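Note that the protein sequences, when read in sequence, are chains A and U. Here the numbering used here is used: the first residue of the first sequence is 1, the next is one more, and so on. Here the numbering used here is used: the first residue of the second sequence is 1, the next is one more, and so on.
Honestly, the hints are just simulated from the structure, not real lab data. Predicted model, so just to flag it, every value in this text is computed and none were measured. The beta carbon of each residue, even a glycine, is placed where N, CA and C say it ideally should be. A couple of the hints might just be wrong.
Just some of the chain A residues that point at chain U, by a computed CB distance under 7 Å [as the list claims (entries may be wrong)]:
1. Pro-39
2. Gly-51
3. Val-52
4. Gly-63
5. Tyr-64
6. Leu-75
7. Asp-101
8. Thr-102
Calculated Cβ distances over 10 Å to all of chain A for the following chain U residues [unchecked claim]:
9. Ala-12
10. Ala-16
11. Gln-19
12. Asn-30
13. Glu-41
14. Ala-42
15. Thr-44
16. Asp-52
17. Gly-53
18. Leu-74
19. Glu-77
20. Arg-91
21. Ile-100
22. Phe-101
Capping the alpha-carbon separation at 25 Å, the derived lysine to any residue pairs in SDA-like fashion look like this [what the hints assert, rightly or not]:
23. A/Lys-11 <-> U/Lys-57
24. U/Lys-57 <-> A/Ser-80
25. U/Lys-57 <-> A/Gly-3
26. A/Lys-57 <-> U/Lys-57
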Amino acid sequence: DAGITQSPRHKVTETGTPVTLRCHQTENHRYMYWYRQDPGHGLRLIHYSYGVKDTDKGEVSDGYSVSRSKTEDFLLTLESATSSQTSVYFCAISESSGTTDTQYFGPGTRLTVL
Amino acid sequence: GQNIDQPTEMTATEGAIVQINCTYQTSGFNGLFWYQQHAGEAPTFLSYNVLDGLEEKGRFSSFLSRSKGYSYLLLKELQMKDSASYLCAVRDPTGGFKTIFGAGTRLFVKA
């Protein structure tokens, strides 16, 4: 258990409303990631963070923003939700040392935009 | 461009051995991961290869050939609980500390 939680776990919202998903870790890892997973596409990186206030875009960042004001929290915001953002969202943290590397995932948030 | 290919689906019999292949073309390479994901759950880490060769971990082994852009995951003594999706992913250090995932291979284990 890498100590990652996501909230909420499920959310249904309407098109045009703002939505914020939270990822919380207890392991003090530097790297945190937000992915979305859709059938046929696998996991796609939305944004990632390499430290407090240090973030960068992934391959599907349009329509999303992130913030990391504390090491343990990484927030993903959909400014104005659209139906195409209906997906399962996973947060992940990364642990790397020498020749070992791994990435642990949170339990996921299932978001439905009507 | 960035591309990771793996078969969409495979079926195997309980007790048998199955090999899931993965080929990749990425801008950079700093290791290859395999993850297992059961339906409705988060991916869980299986293996990480950064050097060529075979890494064995119980019933699961992972192989890497960097010169060929190729990896495989070998599952031995298959059990029904091994029915899941298996995700191949490459750590690409160019442009940030990112991981690129393939679409996954759904493995069905039948009795």
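Here's how the hints hold up against the structure:
The interface hint given for A/Pro-39 is broken, as the beta carbon of that residue sits about 9 Å from the closest beta carbon of chain U, more than 7 Å. The restraint placing A/Gly-51 at the interface with chain U is violated, with a minimum CB-CB distance near 11 Å, outside the 7 Å limit. A distance limit of 7 Å between C-beta atoms decides the matter here; for A/Val-52 the minimum to chain U is near 15 Å, and the interface restraint is violated. Among the interface hints, the one on A/Gly-63 is violated; its C-beta lies about 19 Å from the nearest C-beta in chain U, farther than the 7 Å criterion.
Residue-level restraint check for A/Tyr-64 is violated (minimum Cβ-Cβ distance to chain U is 16 Å; threshold 7 Å). Taken as an interface hint, A/Leu-75 does not check out: its beta carbon lies about 19 Å from the nearest beta carbon of chain U, beyond 7 Å. Interface hint at A/Asp-101: satisfied, since its Cβ lies 5 Å from the closest Cβ of chain U, which is below the 7 Å cut-off. For A/Thr-102, the suggested interface contact is upheld, since its CB lies about 5 Å from the closest CB of chain U, less than 7 Å.
Annotated as non-interface, U/Ala-12 keeps its C-beta farther than 10 Å from every C-beta of chain A; the closest such distance is 21 Å. The claim that U/Ala-16 is not at the interface with chain A holds, since no C-beta of that chain comes within 10 Å of its own (minimum 26 Å). Residue-level check passed: U/Gln-19 sits 20 Å from the nearest beta carbon of chain A, beyond 10 Å. Some Cβ of chain A comes within 10 Å of the Cβ of U/Asn-30; the nearest lies about 8 Å off, and the non-interface call is violated.
Not every Cβ of chain A is farther than 10 Å from the Cβ of U/Glu-41; the closest lies at roughly 8 Å, contradicting the non-interface assignment. Taking the minimum C-beta to C-beta distance to chain A, about 4 Å, the non-interface status of U/Ala-42 is violated against the 10 Å cut. Not every CB of chain A lies more than 10 Å from the CB of U/Thr-44, the least distance being 7 Å, so the non-interface label is violated. The non-interface label for U/Asp-52 is consistent with chain A: the shortest C-beta to C-beta separation is roughly 13 Å, beyond 10 Å.
For U/Gly-53, the shortest C-beta to C-beta distance to chain A comes to about 12 Å, beyond the 10 Å cut-off, and the non-interface label holds. Interface exclusion of U/Leu-74 from chain A stands, the closest Cβ pair being 19 Å apart, more than 10 Å. For U/Glu-77, the shortest C-beta to C-beta distance to chain A comes to about 24 Å, beyond the 10 Å cut-off, and the non-interface label holds. Some Cβ of chain A comes within 10 Å of the Cβ of U/Arg-91; the nearest lies about 6 Å off, and the non-interface call is violated.
Taking the minimum C-beta to C-beta distance to chain A, about 8 Å, the non-interface status of U/Ile-100 is violated against the 10 Å cut. Listed as a non-interface residue, U/Phe-101 fails to keep its Cβ farther than 10 Å from every Cβ of chain A; the least gap is roughly 4 Å. For the suggested pair A/Lys-11 and U/Lys-57, the alpha carbons sit about 38 Å apart, so the restraint of at most 25 Å is broken. A threshold of 25 Å between alpha carbons decides the hint, and for U/Lys-57 with A/Ser-80 the separation of about 45 Å lies outside it, so the pair is violated.
Proposed proximity of U/Lys-57 and A/Gly-3 is supported: the alpha carbons are some 24 Å apart, at most 25 Å. Restraint check for A/Lys-57 and U/Lys-57: not satisfied, since their Cα atoms lie roughly 34 Å apart, outside the 25 Å limit.
The structure does not agree with the numbered hints 1, 2, 3, 4, 5, 6, 12, 13, 14, 15, 20, 21, 22, 23, 24, 26 stated previously, though it agrees with the rest.
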